[in-house]
Structure formats: structure tokens, C-alpha cells
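Asker: Chains as they are written, first to last, in our numbering: chain A, 1 to 332; chain B, 1 to 614; chain C, 1 to 322; chain D, 1 to 286.
I should point out that these hints are in silico values taken from the structure, not numbers from a laboratory. Given the structure is predicted, the values throughout are model-derived calculations rather than measurements. Where is the CB? At the ideal position from N, CA and C, for every residue including glycine. Some clues are possibly wrong.
Stated by the list, open to error - Restraint-style ranges between C-beta atoms, simulated for each label pair:
1. C:E72 - A:F5: 40 to 50 angstroms
2. B:T539 - A:L182: 58 to 68 angstroms
3. D:G249 - A:L66: 47 to 57 angstroms
4. C:D139 - A:I187: 33 to 43 angstroms
5. D:L191 - A:S131: 53 to 63 angstroms
6. C:N7 - D:T192: 36 to 46 angstroms
7. C:I304 - A:R237: 45 to 55 angstroms
8. B:N266 - A:H192: 34 to 44 angstroms
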Amino acid sequence: MRRYFGRKILIYGLTFILAATIDWMIPRFMPGDPIANVMARIGAVVNPAAAQAMRDYYTHIFGLDLPMWQQYVNFWNSLLHGDLGISIYLFPTPVTTVLMRAVPYDLFLLIPSILLSWYAGNKFGAFAARSKWLDNTVSPIGYILTATPYMWLGILLAWLFGIVLGWFPIAGAYGFNLRPHLSWTFIWDVLHHWFLPFMSLFLVGFGGQAIGMRNMIIYELEADYSHYLEALGAPRRLVRKYAFRNAMLPQITGLALSLGVVVAGALVTEVVFSYPGIGYLLLAAIQNQDYFLIQGCFLFIIIGVLVANFIIDVTYVIIDPRTRRGMTGETA
Amino acid sequence: MKRVLSTTVALLVVLTMVLTACGPTPTPEKITVRETVTVKETVTVKETVTVKETVTVKETVQVPVVVTAVPEKPTEVVYPRNETIYVSGAAWGPASTWNPFQPGSLANTTGTIGFVYEFLFAFDPQTGKVTPWLAESGKWTNATTYDVILRKGLTWSDGKPLTAADVKFTFELSQKNAALWFSPLWTYLTGVTAADETHLTFTFKDPLYQEWDNYLYNLPIVPKHLWESKTAEETNSGANEKPVGSGAYLYDTRGEDRNVWVRNENWWGIAVFGKPAPKRIVDIRFSSNNVALGAVIKGDIDLSNNFLPGVATLAKAGYVKTYFADAPFMLSANTAVLFLNTTKKPMDDAKFRRALAFAIDVPSIVNIAYAQLVKAASPTGLLPSLSRFDDAAVLAKLGYSFDTAKAKQMLAAAGYKDTNGDKFVEAPDGSAFALEVTCPFGWSDWMAAIDIIASSAQAAGINIKAVTPDYGAWNTALQGGTFDMTLNNWASMSNTPWTLYNLLFRHPIQEQMQSGNFGRYNNKAVFDLVDALAKVPTTDEAGMKAACAKIQEAMLTDMPMIPLWYNGLWAQFSESAWTNWPTEKSTSPTLPTTWSGYWQLGGLMTLINLKPVQ
Amino acid sequence: MSLQVENLTVYYQTLRGDVKALESATFSIQGGEIMGLAGESGCGKTTLGHSLIRLTPPMRFVQGRVQIDGEELPIWDMERMNSFRFKKISIIPQYAMNAMNPTRKVGKMIEELLGSRNVNFKDNLPELKRRLDLVKLQDDVLDMYPIEMSGGMKQRMVMVISTLMNPSLLIADEITSALDVSSQKAVAEMLVEFRDKECCNSAMVISHDISILYQIADSIMIMYAGQLMEKAPTDVIVHCPRHPYTKMLISSLPTVGVRYAEARLAGIPGKPPLLLDPPAGCRFRERCPVAFGKCCEVPPFMEIQSGHFVACWKEFETNAHA
Amino acid sequence: MTKQKKKNEFLYFALRNKKLRVALSVVLFFLVLAFVGPVLAHNAPFAYVNPMGAEPPSAKYWFGTTFFGQDVFAQFVHGLRATFLVGALAGGLGTLIGILVGFTAGYRGGIVDEILNVLTNIVLVIPTLAVLLIIAAYLQVRSIPMECIFIGFTAWPWAARAIRAQTFSLRAREFVDLARLSGMKDRKLILTEIAPNMLSYLVMTFILQFGGAILNAATLDFIGLGPTNAVSLGLMMQYSVLWGALQLGSWWWFIPPGLAIMAIVGALYVMNVGLDEVFNPKLREM
């Protein structure tokens, strides 16, 4: 067991280092002069001497005047100190500060939508697999949902509930007339703004999970051990219980796999609803060629997905004895 | 069940995080980015003379951290509608700095300049007059001396008096600090003396009168007692949270998508100009203009300065009000110019450039790309507010307008013929060419515009195709001069035509052209004409006109760039909460805008004139 | 009289129509009897076995009565059958290898299974351990996951589980086919031992390996194309079979011990009929050397000597003359 | 049963599987539309044909016109082409790489598996957008084939993981063990024992990759990182939103592209299940 986790941690560590390195390389690969960009943003001075002074000044601030290897060393050094540099786009705000402002909104959007869609989806899928007619009536909904592009669902919801019916706001995280404070007015307003983006994330995820679970359950109910239980007169309850439990396992891995998609989904959803999360930040950073902000966002996502993957791996192993052996390459 | 529980827990935890979250997240704003750059230029199209001393940058640079901007003792947390005005269209990213010397970034805290920090003078584009603000008066006592008398009883928001010493200090900040945008001033400003609390004397050597006025209403005056202790770095790039200024509004708070300003009840100007109507200004940054459009329709926004496609329909339907009741609905804010890279063939040929000018279907751009929200530009490129400087004779002789037939014939005359039968003309030397007209990807109105430019040029037999790189790539190509032809509109409202021509004919040519003459048009004669104009006293309008006529003649003969249309001063407002907006019918209309750098161009007066709905 | 089957008919539903897999089977198994059930693959022996305990779609109950210890067995009713399953009638499935829930420790699974049948696990634990001992499994297998057991272990484990409630009839379906020869013998012998120790009253051992049946079965019943051909005490079947099919079957086994499956009735021309619509009458007649007109009617499964049943008109004739 | 018989069996059930029939006809419908559509649409997708600007569907403009007066139907059918192209190319590429990596990892296990697993993990966590950003930065003009390659190269970990798992389970099955015990050569083992059992799985993997690729492309296009020189359903959605189609109520602009994607991808998923039932007798409807 310890050996297994040791290896796991090693794998993820390695993954992180490589991913981070690639992350570091990204901006350096990009054509286009970041300093010219930041100067254009901050307000360029036109006479050569002053311009040069400014160039040197900002090049230095961003540490781009160092040899590559040293930039790389610094990158790791500051990374370990939680310092991701200064945002160009939001000069002179540190990237970490910018990220920390966005993170809460992401967690607020992602955690509930992922967990709930996973939970509800699985329940629903298992429910659908119960009888033929349920299956034929319920499953199609799942397929339609999971096949819907995030942003399109977002657009539809925004259009229908935001514009046609006018029930929900379709932009921002809280009303224009409010300043963040602890009161039911504010909390209600936040939830009000949160609902539609959450729904579009939730629904798509829900569909996917439901379908996945439905198919899994069908498999499991047809598995030999299910038949054996039935042959020994075990009530449907027990058979289903086992089938559900075993169908869960692939669903857990499925969850890990879906994370990447959900993040992408969150990005577009946040774009549609201009909800101020990381995905949104990332898009802004990309469009503004803000190297350090881009790096920050990627690192954040990488770490997030890695951690999530690891947690899921652990859960999986705890629940399923088979993986342990499969992983260590042993065969029964 | 376990999961559901954890979920709810997570919800609550995160909710609290959100509540305490210090705020904003940047957003991409494609169309307003351009507006921003415009804004930037309004404050940075400043001089071109070279400084004597170059600054040296300290080895270790401390960059201040933006602290959470929620004040210690929050004021109201739910803003009453009837004393709050909601505006949008200026910011393109969350607030990151309140340093009045970082004009570009200030677009995100529009108001830092104009609300918090003020200027000696203001400028009203509607009348073309430079009017006193902090200054009571100012005049050239002789060719090289300019006297300023400050008003009495000016105060900073921290209660300290604003005196001539502060003004002197501000101007002298850039004397030894080349990284400040206004350092070039010191190439002809020789000294500032403060006779007493209110009397200032500026002495010059060979002054650029035209530019001096720009400084008068664009250089924000900062308090000496707070800034003299700042290091060069802090002055140049410090974030300067909780700014202390002299203006009509105080910085209140900010959110990821907004800045909030609260009225300065002790503002010295209340006695002079009157009290701004809204107690609180909530400046919303919309992720994209269509979101703003929705807010405007719902009446959530009182004044939107976003570019809203289809607003013409809405205005006609009465959803929103615009400056003009009918096309073009908007005042003109700046000129969209097609820069031709004169270092490349065949753009190096004036005949070709002129033919191209006739080939471009500007009417379609106005009607299709903008649905009539803009109007075609005068060939001189000057805004309507400066139309008095258009030289009728020159226009009659050299003006151009969309005329495919004429374009074809001009090309033929210049030796551009289709020799290889590909429907496109080849250069006189027989070489075929394929050109690209570019604008940043996502700037949809411009994308539509360059599509039209390309197709109409093709109709005239010129092989041009529209290409839309990402902003960064576009910007690099623009400043590095690697493009074929591209759109730009970085010159805007000014008291003098010199501002535009200074941009179009920026010189000397450098390997990075950061704010003008992107086509690298190199013509000493024209440069001299522009420099000559710069030295004409702003009082001498006849002299200015004469100088402009020469420039316009040279420009239209050589056609190094092609002015196409005026981008609008996008402004749509609702009268649900506030009335008395400036329109064409107003007796003395000011500018209905919140763009950064426009407060002193009438924006603030607009707020002062507003009336709340009872 | 442990099991009594009368005129049992079970079809398979397919999109192409009913596959007549089991046609009016009538036979019985005495208490304490181990009956081997043999026949080519697809002859319906598995259908027979399964229909007795778990008759699920695509299987379709057509007609017939089944009694176990004189009690009516409602095999057409999945729900009502539950009370009989495991306790009265139980099965060691062909797929014993995957018969146990891979994600449950065996002991836990048994506990939950018993629990679901309102049987107290604790009370039965000693007996369970005793039987594990019987099949030479350590007690700690209860703390193992199936994947941690070898094929043979799983096989024996399932054997123990299936018989835990001392069913009146145990159906053992191809229990040896997946095993290597040595453990085959072992498992087979254990089966007998189980019967002797009265872990189960009687057993029906389905296999196409006559050599195995020869070792353990008291009687053997031969099926062909969904019909019962012959049933008799093992020695009789092997040494003096009466039904022409059985005769060929036995003679086609070069030496006892050769896997039946491999010896595809080399001697007999033709193939078994498709059961979608089999010929009327005796389904063997097309391949039968002695077939005659009468064979177009279905022959009854008649007891020509005590404990020796045959379904063949020819046989009846010769008997009559004799 | 002999192989030949099996094939017919599949065909037989395939033709009788409702899910499969419906799904297939939906996909075919759009496929045909993608091919003949551009012929029916008498306008170029970006041509400014309607001086009136945005107008609802009419006899002249079947799907109405955009804010600029472009023919939505023309854009739609051309977008469909792009969509299928992306699905086929990107999906195919993703599946191929996925098979190579996943199968090797699953079959070899041990260290090979470890290495490939790390690789898979890395590609899985690297935000898709990172790679796209590089491409976007390098290519000032992005093309659809480029997009395909990019998507293919980032989507394979899914297939790889799935196939790896499947191979594992197969490898652990008794019949494979038996075969191995009986000293069968790896190649023969893979071809005779594993490949046949995997085939159906691979087909379905491809279908899923196909659908996934379409969704990915739409997402990228929507956030403005798609092709800069082509029309696609994702771009249509981006423009419709950018130009206030929601606020101005031009539903005909943003409904069709999303609806088409939903229908196609949904149909693909259903088709997947249909095939599953065909390949896997246990699941066949009786």
C-alpha cells in the first residue's frame, strides 16, 4: 500500500514538474514583444531615450533581461515561494493576488456543479436503468444534455431566463448596487447571479454522468456475479446495491477524466455569463498576452487537476481492490 | 448523502470566501480595448523632442501590492437608486492602479484623472475652447513666458491647501525622470517659478505652443506633501491606492467589475461650477459590449459608453437616447485611418496609394459594418470639431471618394495592369502582389470593415485580403512595421489639428513606432510642416489654418495613409433615473462620456448638469 | 423423490422467433441421487439446468410442472422462486470464476447474502468454516477478495456458498470445464463428498465430459436437440446403452477420459437440427441409422427397465417383440 | 459460431436496433446537408447580402440574416462541413494515438505502463488552451486542419485511459490466461484473443472521440481561438453573442449552430450505445 502511494506521488510530482516546465516555456515561445505590449498599455513615451529607459525599466521588472537558464531557476524559486510574478495586463498587481480574487468564484461554481452533477447524475442513471420504459423516456434527456455545448446551453439559459423571462441576471457575480457585505440581501443576490452559470455547468455534467451510470449499471446487472446472486434468491435490492457500487468505480475515474472538460466548460460558461472566475481570467490573459497571468492560470489549473486526480485515485483504490493489483502489474 | 453534505459545506465555505474576496477579475474587452488605446493616446500623444538626461533604473525594484480596496469603515452597502448613477464603457479591465502618471492603465479607474486629480485647464471639444479649471487664468506674457494664476481656496481631499508649490512640484517631477510621459516637456521648458501661493511663471526656450495647451489640460496636478517622498519607481509605476486629489469625487471602493466614486462634499469647485448631481458613481466594466447592451435595455445603466451594435434600432425604438436623434447618432471621437506600409511595394508608390483611396467602399463600411453609427471621415482626417481647419481648396483639388471606375482608371494610368489574367493588377514592373489588410481578431466592427475594404479593393482589381491576427501579433506588426496595411485610430479629440498630424507624421522614424506614423512614411518636408504648425501660437488661428493647408495638400497628394471614417463617441443613455443629458438640442452641450481622459473634456460638466428624476 | 419434472418446455425468444431449446422434458431425480446431464453443446442441457432455478428472458416458460420434495416449484415466477432458491434448490454456475462480487470480501458477501435471506450469518459461521475445511480452504479466504484467489479456490468457494443452505437439489453446471485435469478430479470428488455429507440432498451435474460423470454420477441423462433421449444408471449408459444416439455417443469416445467436446460425434453424418423450427417427431431421426416412419411422432420417454428411460420407437418395438 | 456467421449476426442486429437506426439517420441527415447545403445556399457565408441587417427567417433567407445581413443558412451549412471535418480528423487522430498508447500500456503493464501513464497524465492536465495559445501565437492565421491536429493531440488521453483499462481487464480474463499458459505468442494472442474482443470497443472509442472533438472545436471557436479564416458553428455562436443577438432577439442566429452540434453529438452518443447493444448480446433488446 505505502509502496503504491509512494509511486503515485512520484508520478504526480513528475507530472507537475514537467507540466510546470512546459508552462514556463509557453510564454517564452510566443512571438510578439511583451514589453512593447506593457508599454502600449501603460502609455508609451515616444522619444527614443525615454522609450529606451522605460523598456529597460519594465524588462527588468519582469526579469526578462536574464539568461534563459536563470529565468528558469528564478521561475521555480519564486514558484516555491508562491510568487508568480507581476501581471502585465493588470500592472502592477501581483499575479497571485489576481488569481486569489478569481479562485473563490471558480470554487463556488465548480465544486457544487461537479459534485452535484456527479451525485445526481449517478442516482438518476441508476434510476433510469431500473426498467425499460424508464430507460427509454429518461435516457434521451441525458444524451441531449451531455451532447450540448456548454456555451450554447449557457446562451439558451441566458436568453430564456435572463432576457425573455427576465428572471435572472445574466452578467457579473453580484448586483451593481451592492458592495460585498454579510447580509441576506447580498447572499441572495450572489446566489441569484450564480444560478444560471451553475445550471449550465450542472446540466451538462449531469447528463454525462447519468448516461455513464446508466450504461455501467446495465453492464453490472448482466454481470455473472449479479446472476449468481439472483440464482441464490438474493432480492433485487442487494443485486442493485452491488451493481450500483461496482458501477460507481468507473464513474469515479470518469469524474477525474471529466475535470478537464468541466474546467473548459467553466471557462466558456464564465465567458457567456461574464462570471469572474479563473477561466475568464485566463481568456483575458491570453487576449492581452499577459505571460505571467497566463502562467498563473495554467499552473493553478494544472495543480487543481493533479490534486483532484490524486484524491480520486486514492478514493478509487480504497474502494476497489482490483486496481491495486492491476496497477502493480500483478495478475490473479 | 455524504456527498450532498460535503457539497453544502463547500457551498457555504466558498460563499464566505466570495464575500471576503477582495475582488475583481480581469476580462477581455475586445472592442473597448481599442477605445482604451484611444483614450491612452488622448493623454500620451505628447511631444517628440528628445530629453537630455536618461534615467537610470535602480537595481532592485519594489512593486507595490494592491491591497484590498474595501475601506475600513464601509459606507452604504446598498446604493439608493436616486443618488447613484451607473455608467459603463470606459474600463477594459479591473482597477489595478490609481497612479495618475500611468494614463493607459487608468482607463480601468477612469476618474483617477479628472475626478481625483485635476488640471490647470479644461478643454471643451464642443466649443474648441480651453477653459480655466484649477487655474483662474493663464496667458503668454511674451513669446517665451507663460503666467498662471491659480484660484483661491483650492484644497486637497485631505484638507491641505493646493498651492502653486504643488503645481511647480508636479511639472518638475519629470525634469529628472525620463520614464514619465511628460518628460519631453523639459526639452523646451526651462523653468517653473512660484511667486506666491497662486502665481506661477513658466519660462521656455523655443516653445511648442500647440503642445503646451495639451499639457495644460492633460497633466494632472499631484499633492507635493504626499508625492515628494515617493521614489522614482513609486512615482512611475506605484499603484497609489487610496489616492488623495483635489477633485469632485473621491475614490470609494472597487469590485472585480466596477469602480465606485463618491462625491467630495468639500470640493472647492462646487462654488465655481456647481455640485455634481450624482452622490455616487458606479462605473461598471462589462465583459463585452453585448452584455452592456442588455443592461442598457433593462435600464440598469444610465450612461453606456460602450460600442453597442444595433443601437440605432434601439434609439429609433426609443429604448435609449443618443446625442443625435438620427444617424450617425453619435458624436465623432476619433478618426479611423488606414495606414499603408510605405516601405513595402506597391504601397511605396503614391499613385497606387491614391488609387486605393478611391477604391475603398466607405459608404458600405458606414452602413453595414456600423449600421450607420458612424460617418465617413473628411479626407483631411480632422474631426468635425476641427473642420474649420479643413482647407476647402485642397479638398476640392485632391479630395477622394468611393469610385471603383476612377480607381481602376487611376491604376491603369499608373501602369498597374492585369497582365497574367488573374483579375488582379500587377505592378508596373509586371510583378504580381497580394496584400493583407489587418485588424485584431475579435474587433468585430473593424473585422467587418476590413472585409469590405478587401472586397471593394478587389472589385477595383487590387489583390487585398482581410486577415485578423490576435491583438498581440497585430500590435507587434503595427509597431514593428511588418504589416501591409492596417487600421488605427489612436488620435482623438484635441484643441488643435496638430495632435492628429503629429500622430500621422510622427518622426523621426524609429525601429519601433509606438504611437504614430506606423506606415513609416518618411518625408522631411512634411515633418517640417508639422513642426512648423507646432510652433504656431494657438491664438493665431489664421497661421494654424495656413500651416494645416500645407500639410493637407502634401498629405492628399502623397496619400501615405487614408482617413476612412470617424469612430463615434459611443454614448447611449436612459432617462429613467437621470435627465438633462447633453444632446444636439442642448443649449450648450457637453460630452456625454465617461472615458478616461474625457472628464476634463466636458465629462464632468455633464455630471454637474444632470438632474435626478423625482 | 427429490425432483420431479413433468413435460417441461422452455423456449428461447430471439428476434428470429422461438428457439425450442427444451421440449416437454419429463424425468425425476431421487433423493441422494447425483444425476449427470450430458449432450452436445446447444442440446439444451444448460437450458434445463437454468430453467429450474433462474428462468429469465430470453428464456420463456412454455409449459410443464416441476416439483421439489413434492412441493410445486413456480419456476415461471422470478419473485416467488426466491423463497426456494438457495434453500431448496441451488446452483454452482458455469462461470464460478466470476460468480462472486469482485469488490466485496467473500465473507462480507456471504454475510450480506444470508442477511438478505433472513439467515443469521453468525449462527452459520462455524458450519461455513467446517465446509471450507471440507474443500481444503483456509478460513482466511473469507477476508479475501475474489481476485486474490486462484481459479480452483474460487470454484470451491462457490461450491461451499451454493450448498450452504443444504439445498434439496444442487445444479452443478460445467463445474469442471474451466479447470485443469487434476483439480477437475478434486472438485468432482468434493461434489460427491458434499452429497455424502448431506450438504445437498441430490445433484444434477451438467457436463459434456462423460468421463467426469462416469466417475461421480449415479445416473446419466442424455439430451439431444432439446429432447431427452435416455436416462439410466451410469454403468448401464456407458456399457449397454439402448438409444441409438447414446450408443453412437459412447462408441465415439475412443477411450473413456477423452473430452467429449473434442470428439464431435465423428462417426455420425449430419449435424443437429436448428432448433428454430426443428423437425416434428424425434429430432435425431435425420441422423439416425435405424430411423423409420414412426419416428415422425415424438417418442415418449418410457421406462423400459427400472431406472432406465429411453425415447426411441425402435427400442419400444424390439422390447415389445422380446 | 464461425466468424462469417458472427458478422451477419452483427449486421442483422445492427439493422434492427432502434437506437442505431435513429442516430444513424440523424448523422446522415446533417452529413448530407453539409454536402448539398452549400449548393442550396446561393450566398457566400460572409457576403453582406441583406441591406436590412438582421432579419428573421424568410423564403429568401431560410435561417434569416445576421446583424450585418449575412445569410445564416449559408454560414450554417458551411459550418457543418467544418464540424464534420474536425470530428473526423481530430477524432481519428485522437483515437489512433489513444489506441497505441493505451493498448501498449495496458498489455505490457509494468514499467512501460508507468511511463505511458505519466505521459497520459501530463497531456491530460496540461490545459488544452496552453497548446492552443502557442499555436494561436505562432499562426497569426489559424486553419481548421490546424485545429484538428491540435485537438487530436490533446484528446487522446481519454481514449488511451479507456483502452488501457479495457486491455487490463481483458488481459486478466481467464481465456487470455489460458491462452498464455498454453504458450501462445504475444502477436497471435493479441490478434486472436484480444483484438476481436477490443474491436467493438475501438469503434465506440472513435465515435466518442468524434463527438468530443466537435464539442472541443466549438468551445475553442466560441472563445475566439478557433480558425481565423473559416466559418464554423462555434464561430457563428461567438459572433451572435458578440453582436448582441440575445439582447436584440435574433434567435435564428444562435439557435441553429448549437442545435446542430447538439443533434450530431447526441446522435453519435446514442449510436455508441446502439453499437454497444449490437456488439454485446447481453444488452440486446429481445
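Asker: All hints, please: hold or fail.
Answerer: Evaluated hints:
1. The hinted window of 40 to 50 angstroms between E72 (chain C) and F5 (chain A) is violated, with their beta carbons roughly 57 angstroms apart.
2. Separated by about 60 angstroms at the C-beta atoms, T539 (chain B) and L182 (chain A) satisfy the suggested range of 58 to 68 angstroms.
3. Between G249 (chain D) and L66 (chain A) the beta carbons are some 55 angstroms apart, a value that agrees with the proposed interval 47 to 57 angstroms.
4. With their beta carbons about 58 angstroms apart, D139 (chain C) and I187 (chain A) fall outside the hinted range of 33 to 43 angstroms.
5. Checked against the hint of 53 to 63 angstroms, the C-beta distance between L191 (chain D) and S131 (chain A) comes to roughly 41 angstroms, which is inconsistent with it.
6. At about 44 angstroms, the beta-carbon gap between N7 (chain C) and T192 (chain D) stays in the expected band of 36 to 46 angstroms.
7. Between I304 (chain C) and R237 (chain A) the Cβ separation comes to about 50 angstroms, which falls inside the hinted range of 45 to 55 angstroms.
8. Distance hint for N266 (chain B) and H192 (chain A): a CB-CB separation of about 38 angstroms, consistent with the stated range 34 to 44 angstroms.
When the structure is compared with the earlier hints, violations turn up for hints 1, 4 and 5 and for no others.
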